[in-house]
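Q: Dock chain B against the given chain A, drawing on the hints supplied.
As they're listed, the protein sequences go chains A and B. Just so you know, my numbering puts the end of the first sequence at 310, numbered straight through with nothing missing. Just so you know, my numbering puts the end of the second sequence at 760, numbered straight through with nothing missing.
The set of hints was computed from the structure by calculation and includes no laboratory data. Please note that a few of the clues may not be correct.
What the hints assert, rightly or not - Short, incomplete list of chain B residues facing chain A, as computed with Cβ under 10 Å:
#, residue
1, L671
2, D696
3, E698
4, A700
5, E702
6, S716
7, V720
8, R723
9, D724
10, D742
Stated by the list, open to error - The calculated lysine to aspartate or glutamate pairs, modelled on DMTMM-like cross-linking and capped at a C-alpha distance of 25 Å, are:
#, chain 1, residue 1, chain 2, residue 2
11, A, K262, B, D758
12, A, K187, B, D706
13, A, K190, B, E734
14, A, K190, B, D732
15, A, K187, A, E127
16, A, K187, B, E702
Here a beta-carbon is modelled for each residue, glycine too, at the ideal position from N, C-alpha and C.
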Amino acid sequence: MSDPKAVAEYATRLGDDSLILGHRLSEWVSRAPFLEEDLALTNVALDFIGRARMFYQYAAELAGDGTTEDTLAYTRDIREFTNLLICELPRGDFAFSVVRHFLYDAFQLPFLQALKHSSDERLAAIAAKAEKESRYHLRRGSEWVRRLGDGTEESRARTQQAVNDLWGYTHEMFELDALDQRLVDAGIAVDIVALRPVWEDTVKTVLTDATLTVPENTWGVRGGRTGYHTDSFGFLLAELQFMQRAYPGLTW
Amino acid sequence: MKDHLQLYEVFIRSRRGLDHKHVGSLHADDAEQALEYARDVYTRRGEGVSIWVVASRDITASQESDCESFYDPLDDKPYRHASMYELPVGVDTL
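The shape of chain A in the complex, shown without the other chains (with noise of 0.2 Å):
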């Protein structure tokens, strides 16, 4: 199949997650609990924006009209981004950053292990160099939610809270849109469906470990996909993009 249109528009969403959460976990940089913990999340933060930059390169190159890398982070407005809503949400306490991150990792390791297998060369080569990182990444985070789950009655509470306000927003990491559906119809994308019984399975396996409770399906909030996002995510961009919107082309 020969769609780049519909392959970098594919890419610069999966580069858009990525940037955004990366961007979200670069802000605990210098204000992490303690030292060894903010030099590893600061890896992380640093694993997620260099998989963006693969992905943004990517789309990057289908455009071919003068669209880079830094164009995508840097100059696109609120509406044309088209991140996962999990990833942009204000980064919270110490507990919300580390069940979000699991949420997500929990998903995003089957996910690559899937779109490995992408009929598109590139995609699957990024995802074979990503997958790596992507099982430190949910070891890490599985470590972590046990251990602030089943730690204080304090981390408990606090955990078990993040756990059931992210909830609602996991619902959306499998929802295939028309995008999706023609790709993965050419075998291009992941059918992000046939996932989400893994992701059920790790998540409650972890949960249950932590003596926390699984919420149940009663909300869900959606968008991000389409360019609908949260009250924060206008304040994340312009931190981002600052530079490039006071000094345009500004380079160093």
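A: Positioned in the frame of chain A, the structure of chain B alone reads:
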């Protein structure tokens, strides 16, 4: 939280065939976490292929005050020292 963290010593083998070398220490809640932090703190630039972490409290160390009884008696047994041998040409250190 800091109160609960323990100190761990980190040892890294930089290449297969070499020894693990002490590279520093870090704080962690348990050994598993220490291993992960060691990866993040000490192997960011491809420094290693294997990591050991050891709780610092499990290391028994000789004391400065032991020096006299530990090492001085060797000074008058020069026949134990390899320094009596003449180094072959081309060998700079032994």
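Q: Hint by hint, say whether it matches the structure.
A: A quick look at each hint next to the structure:
no. : hint             : result
1   : L671             : holds, 7 Å
2   : D696             : holds, 9 Å
3   : E698             : holds, 7 Å
4   : A700             : holds, 9 Å
5   : E702             : holds, 6 Å
6   : S716             : violated, 16 Å
7   : V720             : violated, 16 Å
8   : R723             : violated, 18 Å
9   : D724             : violated, 19 Å
10  : D742             : violated, 48 Å
11  : A/K262 to B/D758 : violated, 63 Å
12  : A/K187 to B/D706 : holds, 18 Å
13  : A/K190 to B/E734 : violated, 52 Å
14  : A/K190 to B/D732 : violated, 48 Å
15  : A/K187 to A/E127 : holds, 19 Å
16  : A/K187 to B/E702 : holds, 20 Å
Taken one by one, the earlier hints fail for this structure at numbers 6, 7, 8, 9, 10, 11, 13 and 14, listed in ascending order.
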